[in-house]
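S.K.: Okay, here's what each chain looks like letter by letter:
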Amino acid sequence: MSPRVEMRGVSKSFGGVHAVERADFRIEEGEVVGLLGHNGAGKSTLMALLSGALTLDAGEILVDGQRVRIASPRDARDLGIEALYQDLALADNLPAAANLFLGRELRGRLGLLDEGRMERIAREVVRRVNPRFDDFRSPVKRLSGGQRQSIALGRAIHFDARVLVLDEPTAALGPEETRQVGEWVARLRDQGLGIVLVSHDLHDVFALSDRVVVMKGGCVIAERATAEVSRDDLLELIIAGAPDGS
Amino acid sequence: MNERLRAAELDPRLLGMTGALVAVWIGLDLASGGLFLAPRNLYNLAVQSSVVGVMASGMVLVITARHIDLSVGSLLGFTGMGIATLQAESGWSWPLASLAGLAVGAAAGAWQGWWVAHRGVPAFVVTLAGLLVFRGAAYLVADGKTVTPLAPGFGVLGGGIQGSIGAAASWALGAAAIAAIAAGIARGRRTRVRHGSPPRPAWADALRLGAAVAGIAGFVAVMNAHTQPRSDVARGIPVPVLLWIGSALAIALLFRATRFGRYVSALGGNPDAAVRAGIDVRRVTVGAFVAMGLLAALAAVITTARLGAGTNSMGTLAELSVIAAAVIGGTSLAGGRGSVGGAALGAVLMQSLENGMVLLGASSAIRQIAIGGLLLLAVWIDVAARRRSADA
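Here the protein sequences come in this chain order: A and B.
Here the first sequence is numbered in the numbering used here, starting from 1 and rising by one per residue.
Here the second sequence is numbered in the numbering used here, starting from 1 and rising by one per residue.
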């Protein structure tokens with residue numbers, strides 16, 4: 001069976017700097033992949049290529065074995081690839097439902113926004129992620145970091161996501177909220193989503209992922225099943241960057 | 001108190017503005033010995049406000065999207081000269097000339113929006129250039145001459161002698177507006193109950209309805225109290241005010257109930273998030289400037305109809321009143337927050353001061369100083385309010 005998503009030999013450079021160079025990456029159904037590396041290792045760029053925020057210079061992306069073109073965030077979303085960005089990409093001035101449906105608003109008669117239906121669905125979706133969430137009126141800038149993340153996550157999973165990219169999902173959270181993130185990552189994996197956890201912090205990733213991929217200098221330098229590798233080995237890979245097979 | 005306001009979902013800022021407006025009106029009326037609140041003056045005030053008011057709704061879109069349009073006064077002058085010349089020199093009928101003016105206004109907006117959205121030139125610069133270009137173009141249309149006479153019937157749009165709809169139609173329209181507001185409030189309650197969210201407290205809805213009835217009935221009564229010269233025939237609501245109300249309702253609907261309006265807000269709130277949500281931000285930006293250009297041309301229609309002529313200085317410095325009206329009305333210059341209704345109130349407030357100062361015999365120099373001061377004050381209040389909400 002083909003991987004849910006596969007990136008083959010993808011490259012991206014910015015004015016002569018190779019941010020990502022001939023990288024291969026794949027995500028299977030029901031799998032959590034940890035994508036590790038220092039800041040500037042190329043992991044965010046690689047995921048930006050997958051989520052349509054950037055376009056490829058070279059290489060190809062396959063979804064369920066079919067070659068696809070991802071030229072915009074919309075293309076990625078249409079393929080079921082959703083990204084949860086570190087900064088959450090919320091419009092701070094808008095309330096929860098408006099953010100959840102941003103770019104995919106439901107419309108009723110005359111093509112006007114169907115606010116009632118959007119709010120009702122938003123209540124269901126966000127409460128599934130965070131049962132204590134109840135402020136659907138305030139602009140999201142008035143909400144806590146965890147509440148804001150609930151909205152961003154609700155947005156990512158509501159629209160039949162099949163692959164979910166989480167960029168530093170616990171960076172801005174306290175210990176309790178971090179634990180919750182761990183819970184829903186496991187739950188979503190059990191529902192069959194492919195999940196990528198992008199992080200520069202090994203500890204975030206180690207406990208949650210089935211497989212880890214390490215990047216350095218724009219290249220994928222190692223790939224291991226989490227069960228078969230120790231934290232120390234991984235740390236050494238990230239820091240020293242010993243390539244696979246050496 | 002704040003709790004109650006929140007439960008009633010009344011915008012404290014809008015309430016504050018209404019209070020300020022009432023205070024200004026009473027103050028000016030006392031200072032002018034009762035001239036200010038006389039039906040004749042309020043009728044004129046309504047007509048004068050419609051020019052700034054029409055443009056202020058468009059400015060809400062542009063500013064909410066984190067841009068600015070400094071060219072609207074000049075664009076008013078240019079399109080107005082075009083509308084006048086097509087009638088006076090080319091013999092076009094006024095509806096055709098007006099439509100041509102609106103098309104030119106929309107095209108000018110698209111042109112400026114293109115520079116902002118597709119060429120990345122800051123709107124401040126693009127529209128500052130537009131301010132000069134369109135003012136120059138307004139001069140060139142007729143080599144600086146005043147263009148007259150305009151087509152018969154055109155004056156109706158300006159609110160002059162024939163430019164109002166009479167007593168009966170005004171009452172009918174007012175009653176229809178009240179019925180529509182009542183239906184809207186009732187539907188809002190039903191929708192909320194159906195979707196499982198708590199409805200507003202009944203007293204808050206009653207208050208809304210009461211305010212709407214009082215405001216609309218009062219407005220119609222005052223407009224009807226102003227009579228045609230040397231007769232008892234009531235004038236009723238001026239046509240330009242209807243153009244203003246119609247365009248403001250259309251823009252409010254666009255802003256609050258369509259994807260385009262939602263994207264304007266999102267773009268102003270967080271441009272990166274808008275892009276990553278798959279929104280075509282360029283199209284949205286161009287759209288906001290097109291709406292602004294169209295409304296500047298509509299303001300030009302009203303201005304030329306009111307003057308009965310086209311002059312190349314029409315709309316000079318109007319951009320400042322328009323921006324001030326939008327900002328006073330609660331539209332944040334930082335983007336992401338705007339209110340079409342607030343801008344309408346802002347336009348009335350700006351025009352009340354201008355009108356009141358004329359009644360009190362203030363020179364145009366003094367009026368300019370006052371408007372400049374008011375602009376500064378309005379922006380300062382916006383900045384201070386934003387800083388406070390950032391702290392909170």
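Keep in mind the hints are simulated off the structure, nothing from the lab.
A portion of the hints provided could be inaccurate.
[What the hints assert, rightly or not] Pulled a few chain B residues facing chain A out of the computed Cβ check, cut under 10 Å:
no.	residue
1	THR64
2	ALA168
3	ARG192
4	ARG256
5	ASN270
6	ARG276
7	ILE279
8	SER364
[Said to hold, decoys possible] In silico negatives: residues of chain A with every beta carbon more than 12 Å from chain B:
no.	residue
9	GLY9
10	ASP75
11	LEU102
12	PHE136
13	GLY241
On a predicted model such as this, the values are computed, not experimentally measured, just so you know.
Ideal placement from N, C-alpha and C gives every residue a C-beta, glycine not left out.
S.K.: Which numbered hints turn out to be false for this structure?
M.R.: Going through the list in order, the structure violates hints 2, 8, 10, 11, 12 and respects the others.
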